[in-house]
Amino acid sequence: MEPILTQDGTPTLFHPVYGEAYHPRQGALLQARRLYLEKTLTHLHPAPRVLEVGLGLLVNFRVTLESALRRGVRLRYLAVEREPLPPELLAKARLPLSRAEEVFEELLRGWPGERFSGPWGELRVVFGDVRDAPLPRGWATAVYLDPFSPRVNPEPWSLSVLQRLRGALRLGGRLATYSAQRAFRLALKEAGFALHRVPGVGKREWTVGIAAKVPRG
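Going by my numbering, 72 is the number at position 68 of the sequence shown; the sequence numbering is gapless.
Keep in mind that the hints were calculated from the coordinates and are not lab data. Among the clues, some could well be false.
Here are the in silico distance ranges between beta carbons for each label pair [claimed, not checked]:
no. : residue 1 : residue 2 : range
1   : Ile8      : Gly142    : 30 to 40 Å
2   : Leu163    : Arg98     : 30 to 40 Å
3   : Arg141    : Glu6      : 39 to 49 Å
4   : Arg119    : Leu190    : 34 to 44 Å
5   : Ala216    : Pro50     : 39 to 49 Å
6   : Ala187    : Glu106    : 34 to 44 Å
7   : Gly142    : Arg119    : 35 to 45 Å
8   : Pro20     : Leu45     : 30 to 40 Å
9   : Trp143    : Leu48     : 10 to 20 Å
10  : Glu126    : Arg201    : 30 to 40 Å
11  : Leu190    : Arg113    : 40 to 50 Å
12  : Pro140    : Lys217    : 10 to 20 Å
Beta carbons: idealized from backbone N, C-alpha and C, even for Gly.
Start from the sequences, fold in the hints, and give me the full structure.
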């Protein structure tokens with residue numbers, strides 16, 4: 005896989021098995037900021053705890069870390085990644101984020117690792133399938149749901165996984181994703197989320213779910 009520049013000048017990769025890129029052509033950085041960081045209100049949270057499904061090129065993590073560093077808050081980040089990319093590919097995906105890129109350099113030296121920490125906060129990575137990955141209950145302030153699309157990778161979008169993500173999210177916390185698929189949205193509501201449609205970039209809508217009900221079990 006070789007890096008492909010998106011329209012905002014930041015790189016992504018095309019996955020030959022899934023037949024999809026890791027990020028939209030409109031911009032990897034743009035989506036990370038406008039959708040995941042801002043639509044979950046993580047850019048305003050005084051003590052953000054983010055759970056991400058689909059770590060990929062660590063773009064969402066780095067954008068979130070940059071925000072936390074600029075605000076002087078510690079970031080706690082838990083990611084579930086089934087297919088980690090090798091460090092040599094990650095090293096090709098540089099971003100114009102001066103503070104977060106310094107931390108990224110440190111991470112690459114220990115990648116793939118299950119835990120990284122420093123004055124900036126902590127990143128924990130669970131390498132495996134989100135369907136049976138250990139998730140802390142009521143821990144996250146935000147969920148970034150960013151695997152490949154439901155069409156080619158249906159498992160992370162299933163009701164059972166969404167219920168697990170709702171259980172990991174605090175009441176009132178937000179889940180954000182690029183998908184607007186109808187079946188996924190119906191499952192999101194059934195899992196205990198209040199559904200919100202928000203304008204997308206490069207597509208008509210994105211999806212935000214707010215943890216509105218106490219999860220069962």
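Against the structure, the hints come out as follows:
1. Ile8 with Gly142: 30 to 40 Å: holds (39 Å)
2. Leu163 with Arg98: 30 to 40 Å: holds (38 Å)
3. Arg141 with Glu6: 39 to 49 Å: holds (41 Å)
4. Arg119 with Leu190: 34 to 44 Å: Between Arg119 and Leu190, where Cβ atoms are some 36 Å apart, the hint holds.
5. Ala216 with Pro50: 39 to 49 Å: For Pro50 against Ala216, whose Cβ atoms are near 22 Å apart, the range 39 to 49 Å is violated.
6. Ala187 with Glu106: 34 to 44 Å: holds (41 Å)
7. Gly142 with Arg119: 35 to 45 Å: Roughly 21 Å apart at Cβ, these two residues miss the hinted range, so it is violated.
8. Pro20 with Leu45: 30 to 40 Å: holds (36 Å)
9. Trp143 with Leu48: 10 to 20 Å: holds (19 Å)
10. Glu126 with Arg201: 30 to 40 Å: Holds: the Cβ-Cβ distance is about 33 Å, inside 30 to 40 Å.
11. Leu190 with Arg113: 40 to 50 Å: holds (44 Å)
12. Pro140 with Lys217: 10 to 20 Å: This hint holds: roughly 19 Å between Cβ atoms.
Violated hints for the displayed structure, listed by number in ascending order: 5 and 7.
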